[in-house]
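If you read the sequences in order, they're chains A and B.
My numbering applies: residue 15 is where the first sequence begins, and numbers increase by one.
My numbering applies: residue 15 is where the second sequence begins, and numbers increase by one.
Among these hints, one or two may not hold up.
One copy or two, it doesn't matter: identical chains are merged, so the pair holds either way.
What the hints assert, rightly or not - Here are the simulated lysine-lysine pairs, DSS-like style, with alpha carbons at most 30 Å apart:
hint	residue 1	residue 2
1	Lys60	Lys40
2	Lys70	Lys273
3	Lys340	Lys135
4	Lys125	Lys70
Hints are computed from structural coordinates only; laboratory data are not their basis.
Protein chains: 2
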Amino acid sequence: MENKIVLKFGGSSVESIEKMQQIVQKIIRKKEKYQQIVVVVSAMGKTTNQLLDLAKQASKSPSKREMDMLISTGEQVSISLLTMILNEQGQPAIALTGFQAGIKTAGLHTKNKILDIDTSKIEKHLDSGKVVVVAGFQGFNEDGDITTLGRGGSDTTAVAIAAKLKCPAEIYTDVEGIYGVDPRLYPYAKKLDVISYEEMKEMAFLGAKVMEPRSIEIGQKYGVVIYVSSSLTENGGTYIKEYKKVEEKSITGLSISEKVMMVTIKNFPNHSSDIAALFILLADNEVNVDMISQTPTENGYINLSFTASADDLDAINEVLGLMGKKYHDIETVKNINVVKLSVVGSGMRTQSGVAADMFKLFADHNIDFMLVTTSEISISYTIDKKLMKKAVLAISEKFGL
Amino acid sequence: MENKIVLKFGGSSVESIEKMQQIVQKIIRKKEKYQQIVVVVSAMGKTTNQLLDLAKQASKSPSKREMDMLISTGEQVSISLLTMILNEQGQPAIALTGFQAGIKTAGLHTKNKILDIDTSKIEKHLDSGKVVVVAGFQGFNEDGDITTLGRGGSDTTAVAIAAKLKCPAEIYTDVEGIYGVDPRLYPYAKKLDVISYEEMKEMAFLGAKVMEPRSIEIGQKYGVVIYVSSSLTENGGTYIKEYKKVEEKSITGLSISEKVMMVTIKNFPNHSSDIAALFILLADNEVNVDMISQTPTENGYINLSFTASADDLDAINEVLGLMGKKYHDIETVKNINVVKLSVVGSGMRTQSGVAADMFKLFADHNIDFMLVTTSEISISYTIDKKLMKKAVLAISEKFGL
Numbered sequence: 015m016e017n018k019i020v021l022k023f024g025g026s027s028v029e030s031i032e033k034m035q036q037i038v039q040k041i042i043r044k045k046e047k048y049q050q051i052v053v054v055v056s057a058m059g060k061t062t063n064q065l066l067d068l069a070k071q072a073s074k075s076p077s078k079r080e081m082d083m084l085i086s087t088g089e090q091v092s093i094s095l096l097t098m099i100l101n102e103q104g105q106p107a108i109a110l111t112g113f114q115a116g117i118k119t120a121g122l123h124t125k126n127k128i129l130d131i132d133t134s135k136i137e138k139h140l141d142s143g144k145v146v147v148v149a150g151f152q153g154f155n156e157d158g159d160i161t162t163l164g165r166g167g168s169d170t171t172a173v174a175i176a177a178k179l180k181c182p183a184e185i186y187t188d189v190e191g192i193y194g195v196d197p198r199l200y201p202y203a204k205k206l207d208v209i210s211y212e213e214m215k216e217m218a219f220l221g222a223k224v225m226e227p228r229s230i231e232i233g234q235k236y237g238v239v240i241y242v243s244s245s246l247t248e249n250g251g252t253y254i255k256e257y258k259k260v261e262e263k264s265i266t267g268l269s270i271s272e273k274v275m276m277v278t279i280k281n282f283p284n285h286s287s288d289i290a291a292l293f294i295l296l297a298d299n300e301v302n303v304d305m306i307s308q309t310p311t312e313n314g315y316i317n318l319s320f321t322a323s324a325d326d327l328d329a330i331n332e333v334l335g336l337m338g339k340k341y342h343d344i345e346t347v348k349n350i351n352v353v354k355l356s357v358v359g360s361g362m363r364t365q366s367g368v369a370a371d372m373f374k375l376f377a378d379h380n381i382d383f384m385l386v387t388t389s390e391i392s393i394s395y396t397i398d399k400k401l402m403k404k405a406v407l408a409i410s411e412k413f414g415l
Numbered sequence: 015m016e017n018k019i020v021l022k023f024g025g026s027s028v029e030s031i032e033k034m035q036q037i038v039q040k041i042i043r044k045k046e047k048y049q050q051i052v053v054v055v056s057a058m059g060k061t062t063n064q065l066l067d068l069a070k071q072a073s074k075s076p077s078k079r080e081m082d083m084l085i086s087t088g089e090q091v092s093i094s095l096l097t098m099i100l101n102e103q104g105q106p107a108i109a110l111t112g113f114q115a116g117i118k119t120a121g122l123h124t125k126n127k128i129l130d131i132d133t134s135k136i137e138k139h140l141d142s143g144k145v146v147v148v149a150g151f152q153g154f155n156e157d158g159d160i161t162t163l164g165r166g167g168s169d170t171t172a173v174a175i176a177a178k179l180k181c182p183a184e185i186y187t188d189v190e191g192i193y194g195v196d197p198r199l200y201p202y203a204k205k206l207d208v209i210s211y212e213e214m215k216e217m218a219f220l221g222a223k224v225m226e227p228r229s230i231e232i233g234q235k236y237g238v239v240i241y242v243s244s245s246l247t248e249n250g251g252t253y254i255k256e257y258k259k260v261e262e263k264s265i266t267g268l269s270i271s272e273k274v275m276m277v278t279i280k281n282f283p284n285h286s287s288d289i290a291a292l293f294i295l296l297a298d299n300e301v302n303v304d305m306i307s308q309t310p311t312e313n314g315y316i317n318l319s320f321t322a323s324a325d326d327l328d329a330i331n332e333v334l335g336l337m338g339k340k341y342h343d344i345e346t347v348k349n350i351n352v353v354k355l356s357v358v359g360s361g362m363r364t365q366s367g368v369a370a371d372m373f374k375l376f377a378d379h380n381i382d383f384m385l386v387t388t389s390e391i392s393i394s395y396t397i398d399k400k401l402m403k404k405a406v407l408a409i410s411e412k413f414g415l
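Excised from the complex, chain A in its bound form (with noise of 0.2 Å):
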């Protein structure tokens, strides 16, 4: 028998309370399995959504302190009624808010980090046998005031507390696992047994949403083994880990993302400090501006294009109208028929030739890319969305995804 497991289970898989009593099924048998079992788990499906509307409703800007104690109460309804079904079932368990279960933490409200976990109740209980049900997605800070985690808050909870606990965490979502490409995009995509820590960061990144990368750079600092399975089969799933293959694929995975927009500056000043104060607005204005390329014209200024993401459309408007006004002479267009299409694998750093290789496939297929940028183990392309899925298509065939 072995000794602890923390249990992750998202919004859709505690929809129902028919859902949470199948949950509940699959708490009993890990109980076989494991002596101590803690579960954390999210609000039940659009509840937080819903929350969020009536904030809406009372407000134009809500009082951020007062959203963290709304929105928590979605979690504070599961994890009760969770926890009333495992007793129901037989299975002592107890509830713990994120301020019970001694989850501190720091920053703006509505986007909190988790400082420590004070596990001491948590241990406790876990210690006369019962089933620990947390809270995910929330905590407290120094002034005891309720505060949230977020996106992807509920599995950086589970990794946590795995982490000061020193045992694995399995997150149960509505995916069987990792995939090196979304199957809905390539249908023969493979499932990954394993992935490292570095490549499913760079892969969340890069916009799969399989799993935040804040709960998978915990989940390295401590060495946390993360388990990523469907709550609704017993499949095998993804292991997300420290991982050193014995010889490594150049690309193991591939990832899109849909939301994004291309903005093409014509004609702007070629002077830094122009260059600079553009960027500077941006970032005033929230708008976080991801790939960017520059090149000059015959008549001396340059052509700037950045990719954002198209939740930022009006704040960009809002930047280019300003810098309409202070320079006459530029031209803007902004593309929402984009994509970014990135590959990531952890042998590129190893292996020359990817890039290479990734330009020779495009050139082969007639993909035209508007920005590329690279990172250590990733190279992300712009490209049009037409094209999107013939990339897709060679790539994953090309690499065996």
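Position chain B relative to chain A; hints supplied.
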């Protein structure tokens, strides 16, 4: 400018964002008059019932600790939203859960009592000019568990905070104040400008539902002046306070309990040990017996009648089944077509003859009663449901309610 006030708004006053916006206007007007305002709110409209339904789906007998954790989310949602609206309207405000407001409780989960309130956090925020919005109905126990206070808990929270802050409490509800008799039963009913704690408590115990006796008891103990009024109108409500009338009316109020049943056990042994055994068994089954009478029969037995809440029917059936097995001669009759009618007046203490007046009134109007009990300041009758209107009319006219 007066110093401090506690305002309490019930579930129907905060059932929607629109209703909350009206409440916020009321609070802002009050802020012109009072330097420091604490607002206590209940859960929005039917929220608590919806959460109870979910719990019922989760488990036949939900663990009570998690029940408290579940239903306390209702007030957490309403304080968050109300505070967002106050801030939006330019009135700085802060929301505090029962835990954050320092409301220490003890007792059985779902039925906790307030032990003490550490108001330091409330006072800190009041001193900084904020309206402090506190979740009614909830607190925390010595284990750090979330607790709730049972029926009428938000009134209790409001009056207890007022007691600690040494200020009055205003309870806003969906009635305009306290009436001598329910206006739905007697359309000419008069609203009372003032009623003593003692009379209010007696009326509450006897079935008037405007306020729970617990909050009145706290008000009486700490001399909190309580004002009950409608949140919708600016019409005058009713003050509950220490109050000596120059010339007391013999009867101040009349209250009706409709959820009553009367049980008669015929041919029960006339031994105190058997009678005691019956009432111990009823108590063990959590049947709250109210009025009791016994009369000897000609064959040496007694006929024994008592009333209880109609909600206790299942438990009563259980007890009567056990009794039937032990005493083969008994015959039991359950009557759910009865009501309890009570008249209350602290004047009864000094004016003799109120009971005689009542008996004469009942005789004059051919109103038969089945049981009668008296306390120092009240008389209660069990009568047939069909006679209720006639009795209410006769009493209201005779005593000018």
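Structure-based check of each hint:
1. Lys60 <-> Lys40: Close inside one copy (23 Å), not across copies (33 Å); limit 30 Å.
2. Lys70 <-> Lys273: within (23 Å within a copy, 42 Å between copies)
3. Lys340 <-> Lys135: neither (59 Å within a copy, 50 Å between copies)
4. Lys125 <-> Lys70: within (18 Å within a copy, 34 Å between copies)
When the structure is compared with the earlier hints, a violation turns up for hint 3 alone.
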